[in-house]
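Listed in order, the protein sequences are those of chains A and B.
Its first residue numbered 1, the first sequence is counted upward by one per residue in the numbering used here.
Its first residue numbered 1, the second sequence is counted upward by one per residue in the numbering used here.
Quick caveat, the hints were computed from the structure, so don't treat them as lab data.
For every residue, glycine included, the Cβ atom is placed at its ideal position computed from N, Cα and C.
A portion of the hints provided could be inaccurate.
[As the list claims (entries may be wrong)] Calculated lysine-lysine pairs in the DSS-like style (CA-CA distance at most 25 Å, straight line):
id, chain 1, residue 1, chain 2, residue 2
1, B, K95, A, K78
2, A, K95, B, K119
3, A, K119, B, K95
[Stated by the list, open to error] Here are the computed distance ranges between Cβ atoms for each label pair:
id, chain 1, residue 1, chain 2, residue 2, range
4, B, W133, A, S108, 25 to 35 Å
5, A, R227, B, A82, 28 to 38 Å
6, B, E94, A, Q210, 17 to 27 Å
7, B, F100, A, S108, 56 to 66 Å
8, B, R218, A, R107, 51 to 61 Å
9, B, E94, A, Q72, 32 to 42 Å
10, A, T244, B, N159, 49 to 59 Å
11, A, I184, B, E186, 24 to 34 Å
12, A, I184, B, W133, 40 to 50 Å
13, B, E186, A, E215, 42 to 52 Å
14, B, A82, A, Q210, 42 to 52 Å
15, B, E139, A, K119, 37 to 47 Å
16, A, T244, B, G165, 57 to 67 Å
17, A, A22, B, E229, 41 to 51 Å
[As the list claims (entries may be wrong)] Reference excerpt, derived from the structure (chain A facing chain B, CB under 10 Å, subset only):
id, residue
18, A9
19, E73
20, T77
21, A86
22, C239
23, M242
Protein chains: 2
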Amino acid sequence: METYKSIIAYDGTDFKGFQRQAEVLRTIQGEFEGGLKRIGWKEESIKAAGRTDAGVHARGQVVSYVLDWRSQEINLTKALNANLPADIAVRDTEKAPAHFHPRYSARSRFYRYAILFAKNRDPLRERYSWRIWPIPSFETMTEITDWIIGRHDFGAFGNALAEGGHTVREVYRARWIQTMDGMIFEIEANAFLYRMVRRLVAAMLEVGRQPDRKEEFRELIRDSSRRWEGRIAPASGLCLEMVTY
Amino acid sequence: METYKSIIAYDGTDFKGFQRQAEVLRTIQGEFEGGLKRIGWKEESIKAAGRTDAGVHARGQVVSYVLDWRSQEINLTKALNANLPADIAVRDTEKAPAHFHPRYSARSRFYRYAILFAKNRDPLRERYSWRIWPIPSFETMTEITDWIIGRHDFGAFGNALAEGGHTVREVYRARWIQTMDGMIFEIEANAFLYRMVRRLVAAMLEVGRQPDRKEEFRELIRDSSRRWEGRIAPASGLCLEMVTY
Chain A
1 METYKSIIAY DGTDFKGFQR QAEVLRTIQG EFEGGLKRIG WKEESIKAAG
51 RTDAGVHARG QVVSYVLDWR SQEINLTKAL NANLPADIAV RDTEKAPAHF
101 HPRYSARSRF YRYAILFAKN RDPLRERYSW RIWPIPSFET MTEITDWIIG
151 RHDFGAFGNA LAEGGHTVRE VYRARWIQTM DGMIFEIEAN AFLYRMVRRL
201 VAAMLEVGRQ PDRKEEFREL IRDSSRRWEG RIAPASGLCL EMVTY
Chain B
1 METYKSIIAY DGTDFKGFQR QAEVLRTIQG EFEGGLKRIG WKEESIKAAG
51 RTDAGVHARG QVVSYVLDWR SQEINLTKAL NANLPADIAV RDTEKAPAHF
101 HPRYSARSRF YRYAILFAKN RDPLRERYSW RIWPIPSFET MTEITDWIIG
151 RHDFGAFGNA LAEGGHTVRE VYRARWIQTM DGMIFEIEAN AFLYRMVRRL
201 VAAMLEVGRQ PDRKEEFREL IRDSSRRWEG RIAPASGLCL EMVTY
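The following block holds chain A by itself, in its conformation from the complex:
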């Protein structure tokens, strides 16, 4: 028996999130454990770096599990890929120390959020982005993004996952990038609050459209007793890109 760590990717559209729930609900964890069982896994549960929400995608989710596997790791990756549905895949697998925990051992998480500028619906793009119109001010959004970098109490933008947990998080880097027909938000932090990225994206977008609300945004960062009461950006645009150890 060895502990293995796999980097997995998935299209979150047709899942009710990562965490296993009632049998009837399709989840990443449920499907991944199903694949593991088909290659002989007999444990109770896998561990994961982050419990992505319903509809959120991943290119770099990390899971770990204990398995009796008598072949190379590359063959474990292949065996799993042959036993997982088309919308989940293993990108890489390696052995990990027994004490490795994908969540508690993680030093940082890196997310991307994709926005598409388009007046009309676009069925070939909206699966992996948030379509918006009109176009917000890139300059304003870049300016206010600097305010979230560093150690802040992000209580205005979400709750801690564990009850009673604190809401201070450290953002290592954050930026908006312009693309041909949209923009991408990149953010890396030690950890994130529940729906924090999606709330930040929605709030920054509001300010990008109404630059006179900049100070309101700054107050949300400064004063964690406040709360972002606006919308939450849809799950389709969000992707967990990488977890660093």
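For this one, chain A is given, so just place chain B on it according to the hints.
Positioned in the frame of chain A, the structure of chain B alone reads:
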């Protein structure tokens, strides 16, 4: 009553192709006509530029229909988009002459086929591409692409859609483009045979991997009594980009 022409886009993944079939099968035509009915359309059938196959996508499919609409075309586009499922959308609508037929009036069709180079499955990319490995020779594929440009009998790569129809088609332009992690085939012709693009892509890819089979490919272009017996590239990579009138 006026004749309208709409440019539509769709993610073909969850459709059994364009053409309406038995009620239980989900088709683009069936869904689009359903949307039209919800805004008062009472005719028998829409017309379309091309009957894309199951799983094939479109950014520039063209349909026409006769409708009694007492408002601007932009409002017709909006009303349709509000009445169509998320995987079909209208990009633009305009009035057309009564004799307009999206298929018979078309001068050319332009398709793109996307290939992704990756060893392992990629759930966030394979919906819109064909994942292959190992990487074929771009130079060889570019060289043989020149042979298909112009007027040829493409009988080796497909059948005419109408029984007894001839198999001569004129390719106006065709090229392979290298991307960051794959390649894209672009082809414009006056018309295409059934599954012609997907057969051409698969055949060119084979030659790209076995350049000593170049002459075999040339013979298929020269001698229409031959037949490409190899695989057909999967529908997921193909997209009808534009129809020109």
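Taking the hints in turn, this is what the structure says about them:
Between the alpha carbons of K95/B and K78/A the distance comes to roughly 53 Å, so the proposed pair goes past 25 Å and is violated. The suggested pairing of K95/A with K119/B holds, with an alpha-carbon distance near 20 Å, which does not exceed 25 Å. Only pairs whose Cα atoms come within 25 Å are accepted, and K119/A paired with K95/B is accepted, the gap being roughly 20 Å. Taken as a hint, the range 25 to 35 Å holds for the pair W133/B and S108/A, whose Cβ atoms sit roughly 31 Å apart.
Checked against the hint of 28 to 38 Å, the pair R227/A and A82/B passes, with Cβ atoms roughly 33 Å apart. Evaluation of the 17 to 27 Å hint for E94/B and Q210/A yields a failure: the beta carbon distance comes to about 35 Å. Evaluation of the 56 to 66 Å hint for F100/B and S108/A yields a pass: the beta carbon distance comes to about 57 Å. For R218/B and R107/A, the hinted distance range of 51 to 61 Å is satisfied, since their beta carbons lie about 56 Å from each other.
Distance hint for E94/B and Q72/A: a CB-CB separation of about 59 Å, inconsistent with the stated range 32 to 42 Å. A beta carbon spacing of about 54 Å between T244/A and N159/B agrees with the range 49 to 59 Å that was offered as a hint. Checked against the hint of 24 to 34 Å, the C-beta distance between I184/A and E186/B comes to roughly 26 Å, which is consistent with it. In this structure the supplied range 40 to 50 Å is violated for I184/A paired with W133/B, their Cβ-Cβ distance being about 27 Å.
E186/B and E215/A have their C-beta atoms about 49 Å apart, which keeps the hinted 42 to 52 Å range intact. Evaluation of the 42 to 52 Å hint for A82/B and Q210/A yields a failure: the beta carbon distance comes to about 27 Å. Between E139/B and K119/A, the C-beta spacing of about 41 Å keeps the proposed range 37 to 47 Å intact. Take T244/A and G165/B: their Cβ atoms lie about 59 Å apart, and the range 57 to 67 Å holds.
Between A22/A and E229/B the Cβ separation comes to about 49 Å, which falls inside the hinted range of 41 to 51 Å. For A9/A, the suggested interface contact is upheld, since its CB lies about 5 Å from the closest CB of chain B, less than 10 Å. Taken as an interface hint, E73/A does not check out: its beta carbon lies about 13 Å from the nearest beta carbon of chain B, beyond 10 Å. Given the 10 Å rule on beta carbons, the hint for T77/A holds: about 7 Å separates it from the nearest Cβ of chain B.
With 10 Å as the threshold, the beta carbon of A86/A comes within range of chain B, its nearest partner Cβ sitting at about 7 Å, so the hint holds. A hinted interface residue such as C239/A counts as satisfied when its beta carbon comes closer than 10 Å to some beta carbon of chain B; here the least separation is about 7 Å, so the hint holds. At its closest, the beta carbon of M242/A sits 14 Å from a beta carbon of chain B; the interface hint therefore is violated under the 10 Å criterion.
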